[in-house]
Amino acid sequence: MALRHLLLLIYLFVAVLSLTGLLFRDISTADGLVLGLPAGLAWVTGWAALTPFVMWAYMRTEPEDADVADGGGES
Amino acid sequence: MSAEAQILTVVGAYLALSLFVGWRAARSASDSATGFVAGDRSMGPVLMYFVTGATIFSAFAFLGAPGRAFSTGAAAFHILAFGVLGFLPFYWTGPAAARLGRRKGYITQAELVAGELGFRPLAPVMAVVSLLAFVPYLALQMRGAGHVLEVLTSGAMSVEVGAAVVYGVVLLYVWHSGVMGVGWTNTLQGLFMMVMAWSLGLYLPRALHGSVGEMFQAIDPEFLRLPGNAAQAGERWSWLGYGSSVFVMAAGFSFWPHLFQKAFAARSEGVIRRTVVLYPTFQLFLLPILLIGFAAVGFEPAPEQADQVLPHLLLQLDLPALLIGLFCAGALAASMSSGDAILHSAASILVRDGWIVGAKRSLSPEAERRAVRWMLLPILVISYVTAVSFHEDLVGLLSYAYGPMGQLAPPVLAALFWKRATGIAALLGLLLGSATTLAWPHLMPPSDLHPGLPGLAVNAAVIVVVSLMTARRT
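Chains as they are written, first to last, in this note's numbering: chain A, 105 to 179; chain B, 283 to 756.
Chain B on its own, in the form it takes in the complex (with noise of 0.2 Å):
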């Protein structure tokens, strides 16, 4: 059998299983729309840790992070600064949204938020805003499974093929078993890629230079010092780029909206809190994933793109087909384990934001249910085309769906924890918010900071002050 054939015979095995666990896991909910979406509310605390760690490290964290760190060096210690920081305000928001979830049958977050402020136009809006992001941020993570698959079947499979075949897979769990097909195969996916992830990133710099440490003394010190390189080859990144940086993307993490909806599946709020808690100890699972990165450096041949970086040195070392189809399965794990939550969340928010809440048509449990199974289709069929047209590189892409999110985070905040916040303000704070951080660059002499940050400056300020000329409708 030839190492390519090795190689598709693991990949397929790996498919195969998450299909088989998706697949079943449609027997632990019930055939409503709650249950497809929400999981009954349900999910214990090993569900939760694993559906929200691994829906968050993607395709993007297997083959983007390395490629930064390869790339840019000490700038990519950025993506686990703002990891830390970023889940904690899910510790509050969480619990407070399943609570209201529960009582009043919530579950999307722009639901909840056009419901708490009794201002029904804002869930359309903000469905809008996160299917801006979703598409992107999907695209990305089918992008980085077929990437894997093209480079290490030395382009037997391309891009192409092997994104449909992954997403395939994808669609069919998640059209059969909702969020509990999500749930299952995270948690599946979040250990495969964990094992992964350390195997790597503690061998590759062994074999390649004895051990870490000796590994990090190869390297140029000034390139280990934050806050490191600019994406543009041979320029210093500043202070002002780090910070921005690490502060908006900490600032949206926990309000995107796949993540977020987790907490209406969630069984108690005690789990969601547990959830919060441990989840730092997946964000240590980013320290390995850094090193595959520095390992790479002044690695001949270098690889053509940074993003390439993982599956060029497993190609170039020779390792066994069977370690290489392994890795191969690991990134798989990762691109699938964001982009069926994803996947799944953009159709229930199109459905029950778009449709029910926003167009004002009801629908039956069964007919919501199907209604969002439909919806799978053309977000995937959207996002594959992006996916195969858009040639960014991966975290040029993240970094774009990143804008507009960050941009959600105060109207929910104001939806949950402020008494005095009203609907047309949270509707204008959000609109002017994400119109000034896409205007920023165009509009302002060039600089490092993030748009995203005055964008949330403007976000807030426009909250307070209009809820505080306008009254809350009853």
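This is chain A alone, in the form it adopts within the complex (with noise of 0.2 Å):
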């Protein structure tokens, strides 16, 4: 697996268990506001401003000739 595809995929997993809670409990329960915010909108909001960034380094390093996958077969 080339390294962007494992970079973004552990990018997504991470993001995944974060936002619904079974990473980071502690992070996104803590008392106190963070920029403002209560500590669980400022976590999620930042995975919001973080994700565009990611995806748009992972578009930026796709191969010239990449091809998505082309259909499960032929009807």
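It is worth saying that the hints were derived from the structure and are not from the lab.
Fair warning: this is a prediction, and the values are worked out from it, not measured in the lab.
Fair warning: there could be bad hints in the mix.
[Unchecked claim] Here are the computed distance ranges between Cβ atoms for each label pair: (1) Phe-128(A) <-> Gly-294(B): 45 to 51 Å; (2) Ala-512(B) <-> Phe-128(A): 18 to 24 Å; (3) Leu-107(A) <-> Gly-387(B): 46 to 52 Å; (4) Tyr-115(A) <-> Ser-284(B): 54 to 60 Å.
Ideal Cβ positions, reconstructed from N, Cα and C, are used throughout, including at glycine.
Hints in hand, dock the two standalone chains.
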């Protein structure tokens, strides 16, 4: 598996676990405000802000001749 | 001029502008069915960004989300959480579907799945599942529009009349211009509601509490701590409920047929990928929406219904009628930008998947376009009747709609990416997954687990096992 796929997979895996509350629960339920927002809201907003950059980096490293999977088969 | 008259004037001007933009959009597509349903596969990056973003942000976002923040606190964060993840699968499924669409002429999701798996009966079944979700979802948009007009005109315009007027305008531009009407009005509506959401989201906490930080400091920290409160008053939500809800709603997000169908309208695969990359920036628009709901916590008098938080605050703050009218138009934009896409998609699914693929009837491109237009009417009427006779809160209605939608993900993924998948396996997976989702709350002990999660597990397992046991039709 290419490194770019592996890195994205790791990012998505951590994101899913974090946003469903299975990982880093202490951070998302911390007391007090972070940048004026409750910790849980700041946590979720942070993922929303970070994800476009990660996806942009993934897209930028796409090989020129990259092909997406083309259908499950012929009918 | 009375305040109600000023508000209605602004709303009228907004509706006229939407109609003008939507009507003119007909020039940018051909008269064929592909032109009406898929915009001749010509949508560029700006149109795609707004059509996917604004389609998703609906009356639910403008009214239901502040209501959820107001009534359940941190539980409302899950709306932002599932949106962060939900569109990402489209980075891979969108270009794959677009390529097959160009090569084989597909313009709907079910047509693609049935065609790729060589199993026609899938198309009408998927169409039925889609329509079962579309009707409550469209009804939700209508009721949201009617709700806003009723509250902000102090009852001068009822929910029924308001919904009929707004969706009369939607019918006109969708009838005339098809998907390009949806696309260009969504661009206008997307820009408009983003401006309104950020203006309100920053203004209301400041006007009522001094600042966003002071607003949160005045609220009970437990109310703001994940996973927040359950929909039932006084109870905490569990992490199981929160996590499974985020997962199921994210899994179904990009497989909503009206959204997925936009893959067939994109100019290129690169346009689709760039749209997905930029999409979470649209998601950030939910942040000010949630702030509006929190601004109302502790406010006296409290709104009678959580969904009325936004219009209630606007009226209580004694703002100029012109400003209230603009905010009202912003909420209508949210409702219309989703409602028009659903209406258009539902009609095209009925004709293409139900009649042409399912019943094996052939139609000329002109006859197909005409049939899609006429199908707009019964869908609109059924949704309208549902809207005026159903009295669940908006989020409840949306959750119902998301149940069957998540079940479309496994068959679509199998059709696109697994050469061993078979049509009968996809059909059985879809049916048993949907049945599990619907039966779970009635057969199992009470739990916060989202019933869509066991439904998805059954669906995926059935597709894998049955595919390995059967051969694909050629």
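Taking the hints in turn, this is what the structure says about them:
1. Phe-128(A) <-> Gly-294(B): 45 to 51 Å: Given range 45 to 51 Å: holds, Cβ gap about 49 Å.
2. Ala-512(B) <-> Phe-128(A): 18 to 24 Å: holds (23 Å)
3. Leu-107(A) <-> Gly-387(B): 46 to 52 Å: Since Leu-107(A) and Gly-387(B) have Cβ atoms about 38 Å apart, the given range 46 to 52 Å is violated.
4. Tyr-115(A) <-> Ser-284(B): 54 to 60 Å: Distance hint for Tyr-115(A), Ser-284(B) holds at roughly 55 Å.
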